[in-house]
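Protein chains: 2
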Amino acid sequence: MKEEVAVIGVGQTAFTRNCGVSIRELCFEAYREAVEGLDLSPKDIDALIIASAPEYDKQRTPAALISEYLGLTPSPAFYVESVCSAGTTGVRVAYSMIKAGVHDIIVMIGFQKMSELSSRDAAEVMGRGDDTMFSSPFGTTMPAGHALYAQAYLHKYGATEEQLAKVRVKNSHYGALNPKANYKKVLSLEEIMNSDVICSPLKKFDCCANADGASCVILASAAKAKKYTSKPVWVLGVGAATAELNWSVRGSNTSFLATREAAKTAYEMAGLGPEDINVAEVHDCFTISEILAYEDLGFAKPGEGPKLVEDKATYHDGKIPVNVDGGLLSKGHPIGATGGSQVRTIVKQLRGEAGETQVAGAKVGLAQNVGGVGTYPNVIIFGR
Amino acid sequence: MKEEVAVIGVGQTAFTRNCGVSIRELCFEAYREAVEGLDLSPKDIDALIIASAPEYDKQRTPAALISEYLGLTPSPAFYVESVCSAGTTGVRVAYSMIKAGVHDIIVMIGFQKMSELSSRDAAEVMGRGDDTMFSSPFGTTMPAGHALYAQAYLHKYGATEEQLAKVRVKNSHYGALNPKANYKKVLSLEEIMNSDVICSPLKKFDCCANADGASCVILASAAKAKKYTSKPVWVLGVGAATAELNWSVRGSNTSFLATREAAKTAYEMAGLGPEDINVAEVHDCFTISEILAYEDLGFAKPGEGPKLVEDKATYHDGKIPVNVDGGLLSKGHPIGATGGSQVRTIVKQLRGEAGETQVAGAKVGLAQNVGGVGTYPNVIIFGR
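These protein sequence lines are chains X and P, in that order.
At the far end of the first sequence sits residue 407, using our numbering, and the numbering has no gaps.
At the far end of the second sequence sits residue 407, using our numbering, and the numbering has no gaps.
Looking at chain X on its own, in the form it has when it is part of the complex:
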């Protein structure tokens, strides 16, 4: 086990609509869970990284605001962003700074408060993550982009809309067991198939929804980790990549090639392969995204992703459990908070604290968090 940088604390708020608190309070709630039982004082914390996406609330440059509220000044604080994968970009940067010896203990907080905007305005803001000269004015929203990949996938492999829906059946099953998920209703295949079409073939229940929330991951050097916790979870591999923003010049429309790049880097760094992963969190912003993630992470061969969920291999007692916390589909997707929430689930699984969704004997976990339409994937492998 590579013992260089560890996660020593994780926390998150409930993911909700209309949280009714300020962003500083939202971040504090996630931080409070992460520091609980750690005997860590603000003075011990060397830096704060804030992960978020701008324009959903009025506050610009929130890092100092949150640093002050948590009592972390004068330690450095700054902001990172790669839209929906901001949280794991924050973890990747924190990992690097600790491994470099620049800092020993870093708090990473991801947050988003999306309910200050109407759904329509939020979709507009989100759309401007695509090229505002050549793409977004023509309607390249997130559902539209993922629907194109879904159409191509169904066409190429003869997969069905029911197979996509089965991802949501699984994730709604686990969402009902997650007290912090926004959508706790167990959904049947029929309910999903009969839900309104958003962008064919994706229906309402194939899509995750906006939310308010925050998550927190505290990382530390090996020496500090051992001082503060008896249950360090080690960062074994970290990979990232970036796809062309313009979908039409990418090499595939049935795979997110950048996830393959990121996974390759992370597996190589960890000295592990897909067969070594005991539990995974993947970025299921849409049902198709989870299917593509199965294949791009090497859990299934191209075209064989749907079979994995049909065979219940990705349930918590299956061969490769995926999103057994409900995923984005059931938790909700407060953009900057999502990556940290994934890391929290993996860390709790590896610590054996996952309750009735615990994957027996989980020793190695993986989080795949993606910004945009397959644009900014991060893959991080953890072990204990």
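FYI, nobody ran anything at the bench for these hints, they're computed from the structure.
When chains are identical, the list treats them as one kind, so a pair holds in a single copy or across two.
Think about it this way: if two alpha-carbon atoms lie no more than 20 angstroms apart in a straight line, the pair counts; the simulated SDA-like pairs of lysine to any residue are:
# : residue 1 : residue 2
1 : Lys81     : Pro160
2 : Lys66     : Gly274
3 : Lys81     : Phe161
4 : Lys66     : Val272
For chain X, the structure is supplied; the task is to place chain P on it using the hints.
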């Protein structure tokens, strides 16, 4: 000389109003100067960090857009921000990732295109960098914040408005010699003193102005640096800190204490002190900011900053040359681009490529870049 991470290339666009090109083209121009003569292909570049501040132009999450335009996909790309010090935060993160062994060569590009907004709208966006619940609705703009520090400073030390103006006299002298500066007019003490009051005691020519521009810094590990250039400039020390966003709870109103923290860290890491610095770039968003920087960086004792510029010690042939490229006051201040422009000036000075503003025998240089009203300082020390 600590040979771990080096700057191997620097570039910037001219800083202008209404640049008339897209942000991708703006970034390309800075990148082109930085790679000139390096024999570096896109495949050799391991990551791209984009430093900017959101909301000045419509494009969100610009990292992938710029990565694609420069041909750098699928290498990871992401975004960092600490408002006006985003560029040096980008350099600090790049330094850490290279020192950690995560990447070998990183391109950092900072940019801002501010002319898409009216000056009024830009001031509003900028104001929302202060606390949008308790401060910015009451008018805590950047000039207002710095004017409060200026008033307190003049009162405490009996300094004069003429002394502040002498910073601009110096910087306008050097701005006239910088082909990339937006404001090339040499200003007399009288012109500065007679310019319109913006927020007393700060007058128009005590203030820097919005601009469009981009800058680029390419960093590399020691082995790669030596492969690509015969003139590596080494990163010797890196420090950062964060002040409370709420000015009223800070410990001083005549010093930016966070700059003192950041400088302490950077000096300690470099094993150097203020007396070892041959040339410096400081964040002169207002004339008072340069005076405070002299003192907070240890170039002058508290209250003795004004004497430094009066005695011409901060001219290029003085004891401690500061902002001999014209500073923000003469170059203009395209937020995300400013830090990289400072680094470019220091690197060119240390390489002996600074033309008629060359500081004779410069071996150690320092850049101090600050976001907000003293909120996010970065201090980086370079050597050759």
